[in-house]
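J.: So the chains spell out like this:
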Amino acid sequence: GNSVTQMEGPVTLSEEAFLTINCTYTATGYPSLFWYVQYPGEGLQLLLKATKADDKGSNKGFEATYRKETTSFHLEKGSVQVSDSAVYFCALRPPGGYNKLIFGAGTRLAVHP
Amino acid sequence: EAGVTQFPSHSVIEKGQTVTLRCDPISGHDNLYWYRRVMGKEIKFLLHFVKESKQDESGMPNNRFLAERTGGTYSTLKVQPAELEDSGVYFCASSRNTNEGNTIYFGEGSWLTVV
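Which chain is which? The protein sequence lines are L and U, in order. Heads up: the first sequence at position 54 corresponds to 54 in our numbering, and the numbers run straight through without jumps. Heads up: the second sequence at position 110 corresponds to 110 in our numbering, and the numbers run straight through without jumps.
No wet-lab data here; the hints were simulated from the structure. One or more of the hints may lead you astray.
Chain U regions said to be covered by chain L (calculated; three or more residues, Cβ under 8 Å) [to be verified]:
#1 36 to 49
#2 85 to 98
#3 107 to 114
Idealized CB from N, CA, C, for every residue including glycine.
Please put together the full structure from these sequences, using the hints given.
T.: Next comes the structure, spelled out in structure tokens:
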């Protein structure tokens, strides 16, 4: 079946540190891959996405590359800010899945000054 | 343009009681979804409406959960009777269509605590 596994948190970093949040998936066919973010007190927001192998999604300094050979979609940012503190969710949409998203458990990121 | 709005934002009820959550999608969005996250685990799909019709309700956990979308506008999700394991965050989302590049917009969630 389809599933998403992401690294457990919390992840605690100092400002300007490099961030990696690992995400691997299991899926039938070629899913679309997403990173969503939930800032404190807010709803889920789409951060970035990739719809086919080797695509790189990017937004707000975050990047993730769709790696079919390793079934991964790791989230990276070169220099985090305190304002990046949030919960990050990796998700996939199976082919023909009518926007039925399958999420990982979420990774909480805390960035300290 | 208003986003997806959910009500109530927080609710604390006793086991055995009934709770009704409401979701107002973005105006013009025919597709409405319910998801939930329990006990810090993954966010799980519950169901998908297209207008007033249930397109996919494969994620509904049991018959204590009833979702409606009369008139194809707002939706309600009723839990009756509530159990302790129903505690969690219930997210509503909407989208204009289901095309590949379409964006799904989520609400802030309704936090439910059953005691």
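J.: If a hint holds in the structure, say so; if it doesn't, say that too.
T.: Outcome of the hint check:
no., hint, result
1, 36 to 49, "holds (count 8)"
2, 85 to 98, "holds (count 4)"
3, 107 to 114, "holds (count 3)"
Violation of the numbered hints given earlier is absent; every hint is satisfied by the structure.
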